[in-house]
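Each protein sequence line maps, in turn, to chains A and B.
Under the numbering used here, residues 1 to 375 are what the first sequence spells out, in order.
Under the numbering used here, residues 1 to 317 are what the second sequence spells out, in order.
Be aware that one or more of the hints could be misleading.
[Said to hold, decoys possible] PhoX-like, lysine-lysine: derived pairs with alpha carbons at most 25 Å apart:
id, chain 1, residue 1, chain 2, residue 2
1, B, Lys246, A, Lys256
2, B, Lys171, A, Lys256
3, B, Lys306, B, Lys197
4, B, Lys92, A, Lys246
5, B, Lys314, B, Lys274
6, B, Lys197, A, Lys256
7, A, Lys188, A, Lys291
8, B, Lys246, B, Lys301
9, A, Lys246, B, Lys246
10, B, Lys92, B, Lys171
11, B, Lys173, B, Lys306
12, A, Lys72, A, Lys202
13, B, Lys314, B, Lys246
[To be verified] Pairwise CB distance ranges, derived in the manner of DEER restraints:
id, chain 1, residue 1, chain 2, residue 2, range
14, B, Val134, A, Asn251, 52 to 62 Å
15, A, Ile208, B, Tyr86, 52 to 62 Å
16, B, Glu132, A, Ile46, 27 to 37 Å
17, A, Asn157, B, Ile160, 30 to 40 Å
18, A, Ala65, B, Leu82, 43 to 53 Å
19, A, Ser264, B, Gly144, 31 to 41 Å
These are computed hints drawn from the structure, not numbers from a lab.
Keep in mind it's a predicted model, so treat the numbers as computed, not measured.
All C-beta atoms, glycine included, are put in the ideal place defined by N, C-alpha and C.
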Amino acid sequence: MPKGRGIRRITTVMNQKLKQILSLNNSASLISSLMAIVVGLAVGFIVLLVSNPSQALGGFGAILASGFGDRKSMGQVLYFATPIIMTGLSVAFASRTGLFNIGASGQFIAGAYAAIVVGVKCTFLPGHTLWIAALIAAMAAGALWGLVPGILKAMFNVNEVISCIMMNYIGMYLVNFLITITVFDSLKNQTMRVPANANMPKMGLDAIFSNGANVSSANSGILVSIIMAIVLFIILEKTKFGYELKACGFNREAAKYAGINERSSIISSMLIAGAMAGLGGALLYLAGSGKGIDVVDVLAAEGFNGIPVALLALNNPIGVIFSGLFISYLTVGGFNMQLYSFAPQVIEIIISIIIYFSAFALVLKGLLQRGGKRR
Amino acid sequence: MSILYFLVQQTMFFSIPLLIVALGGMFSERGGVVNIALEGIMIMGAFAGILFINTYQGVLPGQPVLIIAIIISVATGVLVSLTHAYASINMKADQVISGTAINMFAPAFAIYVARMLRTVQQIPFVNEFRIESVPYAGSIPVIGPLFFQNTYITTYLGLIILLASSFVLYKTKFGLRLRSCGEHPQAADSVGINVYKMRYAGVMISGGLAGLGGLVFIIPTSTNFNATVSGYGFLALAVLIFGQWKPSRILLSAFFFGLLKATASSYSGIEWLKNIPIHSNVYKMMPYIVTLIVLAFTSKKSQAPKAEGIPYDKGGR
């Protein structure tokens with residue numbers, strides 16, 4: 001075989017491979033998400049530049065670099081990522097069945113409360129069983145909070161966006177009420193502290209991610225959230241149950257026609273989504289960082305932050321791990337940016353711009369895929 | 001009797017912003033665009049309006065300041081809604097996503113700008129817009145204290161907007177065209193209606209009204225603006241759905257919701273309610289629980305615009 005032809009064959013094979021990769025759904029998603037991130041960061045930089053030109057570069061550098069700046073910051077990234085990965089999973093999972101779970105906030109706080117109540121009241125449980133029981137209670141409470149919009153949607157055709165919003169407020173007021181009659185620390189106006197064995201095991205993570213004696217809040221919660229992401233991924237991609245859920249998301253009528261019980265799919269999807277958000281609540285408040293639920297009339301922000309996490313990951317559970325870490329990374333950067341006398345809200349501005357352009361990115365993704373096929 | 005007057009006046013403060021914002025949402029959704037960004041637009045409108053009041057209060061007399069603030073809030077709302085319109089109409093993006101982005105952007109932007117301008121995030125204002133008693137009308141027995149005392153010009157503005165919306169939606173060519181774009185845009189297009197233009201109009205009206213609603217909500221119920229409208233944009237969405245996308249029913253559901261809210265916030269001032277041993281948090285939960293129950297009974301025959309939330313693609317006819 002002449003040499004030239006061999007090379008030509010190799011290049012054509014390579015081209016084919018490249019085309020395959022380019023036309024793959026995943027890489028198109030990645031490119032479009034990355035573009036949204038670049039635009040968001042650029043807008044953030046412009047905001048800094050407009051508000052204080054002399055400090056802008058330093059502040060922007062803090063956003064970009066400080067999450068990796070030292071070991072403690074890396075640990076804090078893991079700590080802040082844990083709850084939003086869970087609420088992100090919650091939103092993403094429901095989205096795959098065509099449901100917009102804006103109720104993760106209520107599910108989150110319901111789970112958080114259940115975990116703390118078990119932690120404080122069930123001290124008869126020995127050793128590790130206490131935190132395990134607390135996590136299970138949190139999942140049950142979150143699932144219950146997700147179940148209500150699920151049933152209302154499946155049985156009564158109630159728009160899940162509205163019922164989820166209502167459940168957020170009911171959850172907030174109910175939890176505030178229940179705290180004051182059960183586990184209230186009236187001095188701090190928040191929940192009592194749980195005993196040490198109700199907290200998630202540190203598994204040495206706090207020591208790995210520390211600046212000497214100055215330990216971070218990293219704990220095994222991040223591992224739980226990663227395991228949950230993998231479990232949800234397997235459910236969605238490898239099981240009949242997951243296939244049915246997705247079929248309902250693509251086309252409810254067609255799914256019904258194909259013999260899928262779309263009502264039970266909606267209910268189970270919201271049930272699982274609620275359990276995930278509830279677990280997120282437990283993982284935040286059982287992190288051993290001394291944080292308690294404050295009794296204030298404010299919805300839990302972690303629930304709403306799950307929405308951008310899910311959107312950025314295009315509702316892929318594995319992607320949620322990375323988008324959760326990314327948003328957490330920016331958040332930690334935002335704290336450190338305050339050294340340059342900028343308000344940390346610039347991070348939320350950046351994230352909102354990223355979401356806005358990721359909505360465009362879906363269109364862009366369609367174009368990329370179409371372009372890939374045509375070639 | 002004075003309790004009744006008090007409760008009605010309080011109900012007005014809570015109902016009117018809900019009414020205005022829900023009517024705004026109606027224009028957007030009847031045109032076929034879901035506007036979940038109402039909350040964020042309210043915050044932006046209130047922010048711009050209150051910032052203006054904070055700056056010019058004392059320089060200009062009371063009511064004129066309010067009127068200019070109203071105009072500024074409306075303009076800001078329209079401006080913000082344009083971003084939503086662009087994403088959902090031109091880019092055919094998921095309307096929930098761009099709405100979520102605006103909801104996240106607005107409070108962050110309001111806090112950031114306030115802190116950069118004034119170092120604190122709260123923007124205080126002096127409430128000098130309250131009308132003790134409307135001349136002549138306020139002295140009518142019963143009706144006077146109910147509707148013309150302890151009030152604001154924004155209350156009447158809200159009612160005017162209700163009448164105008166009802167007229168525009170049902171009695172004008174524009175209203176008919178807008179509704180057709182929300183029901184069957186392909187058919188509308190085939191008879192020469194510019195669907196994109198109509199949808200832009202719907203979203204912009206909703207933006208203007210939401211911006212106004214933000215200001216109208218903050219002024220009677222607060223003394224400073226802290227980058228939040230307490231979820232009223234979301235509540236307005238519930239009122240809109242509860243009101244089945246119709247002005248008259250939106251009015252009813254806004255007052256129903258406003259009454260429950262007013263009861264929750266002022267029950268301790270009412271003797272016989274105070275004596276019933278019910279926790280304040282239970283009262284606060286009531287509007288939401290009742291809404292859920294009512295929705296369960298009324299949603300079966302939902303009359304949502306048929307093409308709502310679906311981007312219109314000319315090529316997809």
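Checked hints:
| no. | hint | result |
| --- | --- | --- |
| 1 | Lys246(B) x Lys256(A) | 31 Å, violated |
| 2 | Lys171(B) x Lys256(A) | 40 Å, violated |
| 3 | Lys306(B) x Lys197(B) | 19 Å, holds |
| 4 | Lys92(B) x Lys246(A) | 22 Å, holds |
| 5 | Lys314(B) x Lys274(B) | 59 Å, violated |
| 6 | Lys197(B) x Lys256(A) | 36 Å, violated |
| 7 | Lys188(A) x Lys291(A) | 11 Å, holds |
| 8 | Lys246(B) x Lys301(B) | 14 Å, holds |
| 9 | Lys246(A) x Lys246(B) | 34 Å, violated |
| 10 | Lys92(B) x Lys171(B) | 30 Å, violated |
| 11 | Lys173(B) x Lys306(B) | 20 Å, holds |
| 12 | Lys72(A) x Lys202(A) | 14 Å, holds |
| 13 | Lys314(B) x Lys246(B) | 28 Å, violated |
| 14 | Val134(B) x Asn251(A): 52 to 62 Å | 56 Å, holds |
| 15 | Ile208(A) x Tyr86(B): 52 to 62 Å | 46 Å, violated |
| 16 | Glu132(B) x Ile46(A): 27 to 37 Å | 47 Å, violated |
| 17 | Asn157(A) x Ile160(B): 30 to 40 Å | 34 Å, holds |
| 18 | Ala65(A) x Leu82(B): 43 to 53 Å | 35 Å, violated |
| 19 | Ser264(A) x Gly144(B): 31 to 41 Å | 58 Å, violated |
When the structure is compared with the earlier hints, violations turn up for hints 1, 2, 5, 6, 9, 10, 13, 15, 16, 18 and 19 and for no others.
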